[in-house]
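Going down the list, the protein sequences come from chains A and B.
Numbering of the first sequence is given in this note's numbering, commencing with residue -17 and proceeding in unit increments.
Numbering of the second sequence is given in this note's numbering, commencing with residue 130 and proceeding in unit increments.
To be clear, the hints were calculated from the coordinates, so they are not data collected in a lab.
Honestly, I wouldn't trust all of these hints.
As the list claims (entries may be wrong) - Derived SDA-like pairs (lysine to any residue); straight-line CA-CA distance at most 20 Å: (1) Lys3/A x Arg27/A; (2) Lys264/B x Glu164/A; (3) Lys20/A x Phe412/B; (4) Lys20/A x His160/B; (5) Lys28/A x Leu72/A; (6) Lys3/A x His338/B; (7) Lys20/A x Arg155/B; (8) Lys264/B x Arg80/A; (9) Lys253/B x His160/B; (10) Lys183/A x Arg80/A.
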Amino acid sequence: MSNDALIEVEAVSKKFCRGLKRSLWYGLRDIGRELTGKDRHAELRKEEFWAIRDLNLTVKRGEILGIIGSNGSGKTTLLRLINGLLMPDLGQITIRGRIGALIQLGAGFSPVLSGRENIQINAAVLGITKRELAACFDEIVDFANLGEFLDSPVQNYSSGMRARLGFAVAIHMRPDILLVDEVLSVGDLVFRNKALERMDKLAHSGVAVIFVSHNLSQVDRLCTQVLFLHKGHVITQGAPARVIARYVGETMVSDTTMRHYPGTELSFRVLEAQFLDPDGQPIHQVISGGSLSLAVTLDVRAPLDTPLFCFVWEPVGRSAILALTHQPRDRQMRPSLQPGRQRLEIAIERLPFLPGRYTVRLSVAGAIESQLLGKVDYLATLEVLPRSDQYFVTNESGLTELNAVWCFH
Amino acid sequence: MKELVDPSQHVPPEPRRLEERVYSPRCRARHPLSLVHAMLADLWGSRHLAKLLFLRDIRQRYRQSVLGFFWILVPPLVTSAIFVFLNARKILNIDPTDIPYPVYVLVGTLLWQIFSESVLAPLKAFNACVPILIKINMPREAPLLVGILQILFFAGIQLIPVLGIMVWSGFPINTTLWIAPLAILMLMLLGLTIGMLLVPFGALYQDIHEGSAMGLRLLFFLTPVVYPTPRDWPWSLVVSLNPVTSLLQGARDLMTKGVMHDPAAFWIVCGLVFLFLPLALLFYRLAVPLVLERMGA
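Next up, chain B with everything else stripped away, as it sits in the complex (with noise of 0.2 Å):
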């Protein structure tokens, strides 16, 4: 019989350095610096953890599916046909796109779905950890990338179809499509700042996830996901306003056309998401504990 190895008996009587952690009432808010530099160690320290819970997720949702990816593929793809079938009907009265209608369409749609999964994959992601967080002290940030990681993944299988649509159409490839998964991440980036905003007030009051689905029902009529920027005021002012539109509207310039119709807003939501993103993260860091305790065991 194999001996067993007792794993204390390896382990030296110490003298190593040991760690030591405080707990106390006092608020974190006030060290800034070392608030931030924990928050990047446990961002950083949990990527392994993110990974093996993302693909149990994944695995798990698999293992008893037998259409698999299908699942995954399909929503755009009907929602486009929808729309295309609407318009072409004259059921709906869309103006004129600049590029065909399917194209931008498909496109936009595929945008639209990773700017609302980014929102919603924040809280989700914390809502399943949360049996494991309530009893395991890891690092909270595991979930967050663990929704990044869902996000990514969904958007790589629907941009396969959605490329392989262009293609097959004969619709003129672009090379500004390669720097377009940039401008996809930054929709990606300005989902997920909204998403983790959420979160707290998510994981306390089921109210905001039924809110946070019906919201993003509306801002998909006050984006230019299915139609043409409008150009009639006040419609055309409101539709400007909404900082989706100017990340949706490049990305998909980026992909079908090779120019952006507005740079300039583009790059104003960007910089509006690099500024807002830390303080979301900061203010998940600071609220998620306070939440937690509020779950109980």
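The following block holds chain A by itself, in its conformation from the complex (with noise of 0.2 Å):
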């Protein structure tokens, strides 16, 4: 049944213009032309570019399309056409139902009024008529979970409270098509993993969801296929799992650069480092509890005396979980490096991250300990995928597993 279709985008395309007096002079005449009857422009004029090219997606009732694809990729320009804050250019959107757009969480919020008048308020402006509001007034409260801070003005609020906030009156609108951007990046984990349950339940209940996020995993969990964007061109489109890695594997650059701390001479540079699978070949990824080993190349120019060298590791947008440090510490028993290309590889036996993705961040130190040379921000990035046997209760899975052994006397 093709009315189960609730998002078909045919065809679509969308020029911006890159210089401001030529776009909103551009904008003078697009007036001029809908006042005269004319259709919009279809090529491109002088400082026009397409953000968004011959695109075509469909979402039916009870999806979850995740859009992925790095900055300026044309996910935002998607969103709002479907929005209906863009017209196409070319091609055709067809919206069935009413949507639920969750972009910028508390949109008409004033500072100076309680929580309740902006409840009000921002209902309003998401289209949520009087009736249903007064229906759904308590839910809202209970779900923002604000407590004493219903009657104080927004402005007391932390930024976390007001995600929540405009999360749970969008949430409440009952929509058919919900579109979300980037908006779980505030809140904390709670608040996060409250939300994503909900638009899990939202998409099983029927609601047609486009979700996008630079966090892989959130999209992995969540979403039910996953489209990647590139320069306003679908590159592929399909089962999660296979998009990410696909996108992971064409996005993920690192940057090697070495920074040097004032006052010492950078003696030594990285080359490259890379992951590695156990023959030896480059890996961005690898299963939860999975072995690897991390190579690092190194230009050394002066000779260096017993360096130490740290990996910290962190998960993206998190701090450090890990810092793995050089072994042995023993000065006496560390080698010193040579003129010349140098190859550190580190093999990890069993890597105790759960499903998620990891940067590493090199430090150096001399001779002495306390003696900082320089350090790297991006050397790596790994993607850790899930192990079928790992499976968690809660939302809340944590970032390492331990070995443990269960028994009930």
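Could you fit the two chains together into a complex? Lean on the hints.
See below:
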């Protein structure tokens, strides 16, 4: 049944103009065209470029489509087209049902007014009628978990509380289509998980969801299919694991530029850093609990006396969870490095990290441990994929796993 | 602990009829009937939203103000006082008016204020809503309604001291005072018509904002606000061709004298307003989405 498709985007293109002055002038001319009964200008004019080119997609009831891509790939433009904020320059978009957009949480929030007053305004902005709001006001307050803050001015709220309130209002408008754009990056973990859970529930009740995020593990966890956008074109679309793997493979760039500390001389630099599988093949992904090694190639220019290396692992967007320091620590047993190419390989037997995306930082100290020589902020990135026997009772899975023996006595 | 109610569980697995919308590059002006229909629906549908946004602005403004409404009441009184003073000291050479000059200038300034606010309100209200409009698909007519509510609110407040002064000074109150609001409304609609035409241009180019403020200052002197309608040619022609003159004079006559000096001119301008107001609304409807596209996210 084709009516199951709530969003149909057919061969849609949208262009933007680089220069502001010219863009305004084109705006004026577009008004002229519209008033004289002419369709939109379909060709590129000077300084214009295609932000979205010939894009097709369909989202059906109950589906959650994830959209991933680097900055400037057209994700937000696509959402704005679907939301009716931009009109396509070519092609056609058909929307069935009411759209709820979690694009700017708390739009219209006024800092001096109370949470209660702001709920009313925000709801009206989102198109929730007075009667609908009366029916779900208590639910919104419950979901946002504001407690006594309900009657305080919103300027006294933390950004997380504001996001929670905005999300709570938007989610209660009972949309048929839900557009979500990076809004979950604010708010704490509990709220984020609660929000994801709620989106999942909405999808199960027949809502079509589009979820734009840079958080690949969230996309992986939530979406039924994923679309990889690059410069306005669809690179690939399909099952989350496959599309995410392709995206990670194509866009993961590490920056091995070494930054040295003031007062120290940089006598070496990092040429390459890679993760390798047990067969020595470069990889970007590993199954949680799998084995791999980290290989770093250095270009040493002057003899390095017993340097000390420290690799710090960070889940993307969070603070470090592990610092892997040079073994052995004993200075006498550490090798000194001679000028030329040197390769350091660290074998990890069993990676204890849970699914997610991790980056590795490198800090190098000299012979005296407190003397830092240099550091690399984005040495390498690794995507840890779930293992089939891993399961979690709540959404809070943590970051690492522990080997433990369970028994009842 | 209170159980959370999940709204999604209340929704039956549908099949309710879903509203279908199609977005395409086709020109909407070619289907004027559906355009008018959608516009009226949006105007009607956004009244609750406009009311809330208006109340928000008012509360926001006065929650951080000690003197509050004082700032609305005072400007027309001060302007009138200045002209009364200048005229009394013969610094200005103003022809004698047919009603006492202080009342003439007080009512004139109030009416002018309503007109000039009406010209500026649509753009001001629109600009205030831009951050929401570019992110959320809400009726684009809502800022217009907010602007109208603001004008009505300010006009209502400013009318009080003017009437008070008229009564206090022993000025005879005519029965036509009660139909004067209709004439004031026409003056407001004339201002709104001009204001709506300015919105798309003003949103794109800052120059419109500056230009309209200057234009209004110029128009102030081409309108018999603080002086009586001139009789000597060509000045009389310039002033009588100015559409604000007829409406402002008409409204002032109804408020003070009870008889309209030039009803024909008044009705002609009313007719023009009724002709151009819907056109301005349609223009706003067609142009504003294009303007918002240029404003980025």
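Results of checking the hints against the structure:
no.	hint	in the structure
1	Lys3/A x Arg27/A	14 Å, holds
2	Lys264/B x Glu164/A	13 Å, holds
3	Lys20/A x Phe412/B	15 Å, holds
4	Lys20/A x His160/B	12 Å, holds
5	Lys28/A x Leu72/A	18 Å, holds
6	Lys3/A x His338/B	17 Å, holds
7	Lys20/A x Arg155/B	8 Å, holds
8	Lys264/B x Arg80/A	16 Å, holds
9	Lys253/B x His160/B	30 Å, violated
10	Lys183/A x Arg80/A	17 Å, holds
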